[in-house]
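Q: Given next are the chains, with one letter for each unit.
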Amino acid sequence: MTNLPNKSIEKAGCRSAEDVLSYLYGELPANEIGRIKSHLAACGDCASEADAFSALRGSFADWKREFALMPTPPIRIDERQTALPVAPTTSVFDAIRAYLAGFPSLAAASAAALLLVGFGAFYLLTLNQNDDLAETSQNRPKASPTTGSTPAAKSESVDTPANSSIPAGKNSEAPADVKPVKAAERQPKSVADKSPRTNNRNTNVSRPKNDRAQAPTLGEDSGDEDDTLRLADLFDEIGSE
Amino acid sequence: MLQSLTDEQLVELAVSKDSDAFGEIVKRWERKMFALCYGMLGREDEARDAVQESFISAYRNLRNFRGDAKVSSWLHRIAVNQCLTKKRRTKTRSETYIDDDDGSENVYFVAPVEKSPSRSIEQNERTRLVRQAVQTLPVDLKEVIIMKEFQEMTFQQMSEVLDLPLSTVKSRLYTALKQLRMKLEKMALEVV
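Heads up: the sequence lines are chains G and R, in that order. Counting from 1, one number per residue, gives the positions in the first sequence under my numbering. Counting from 1001, one number per residue, gives the positions in the second sequence under my numbering.
Hints are all accurate, no fakes.
Heads up, simulated BS3-like pairs for lysine-lysine below, C-alpha to C-alpha not over 25 Å straight-line:
id, chain 1, residue 1, chain 2, residue 2
1, G, 37, R, 1178
2, R, 1017, R, 1070
3, G, 64, R, 1086
By construction, these hints were calculated from the structure, which means they are not laboratory data. No experiment lies behind these values; they were computed from the predicted model shown.
Between the sequences and the hints, there should be enough to build the whole structure, so can you do that?
A: Listed below in structure tokens is the structure:
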């Protein structure tokens, strides 16, 4: 099997490809060089393959020369990049912050978007509250004698029964005739909400704020020591003088 | 001081906020990394970008470096991945890198003066075809050729960097050269 003609270098029996490559690249130990040389002299296939490889290597020469003339590019790692490993990210927020630090414009845009969303939400909330206040103030005088059972409200609530299922958030989009129905629906709620409070206040020992606001009638003697009493005394003194 | 340290010791220092240590790593490996990127991409400008991005990537991932692999192996893998990403990103075939005429033709005229113009043209054409053939090789074969020819590594160094047995490295290079030869023959080029 050894030194068979027309056999490639990797075939069994010939010198291994490893040795031939090591020889071609000058990495074969000195004591092995003689042996491989004699083999190449005896084996035509191995010799031709070795020649082909060295010719191929020679064709790299120009390419390598071209590369040798190229200067090594300067490696620049700026502070933003060097700061990353020094400050390891500990949480999700840190990671986001570190990521956004690389894109200042993106960070500014996201901050602006957050602000816009915040303002939008605030505006919608206040708009909703104003609507509710307007509705309750409109319905209050009508509702006061009969607590929300005005004929108009009744007729409208009968006309639009399906509207009772409209969610509260869609107030602004609902047609005008729907609003009184909602107001009528909400009014007992608000009254019911308030009445326990007033009851609680009455049962409570401390004085309610609303009573205090109505207090500055000079002659009224509530028995508590507050500013209104002192003011009355002052007016009395001025009057006497 | 830093010159006497091993790559692994330098990485340890770099992790502990010593920027000079990383600078030393860059100094040691920038040329070889540039050679690898140039061989893999076939274009100088692309190679410059790739080697820059590779070092940035290495610096960012210093903490993730585990001592079970060699620094050279780690850097090599980063650079190869960077080249592959770059190639994928540009979505152009590797042949287009070689075939274009933007300035790269000028560097062919570095042949010795004593050679005749016809000989230079012939050599230029041969070089162009060899480059083209190398670019069409599979990545694992291409990288061993580049490591051997451009980075001028020994088989032992290649074995360490690729984390492969010495015999595997040699047989891989053998396969690469054989395929390259076949490709060139297919191109009807009398290289051999």
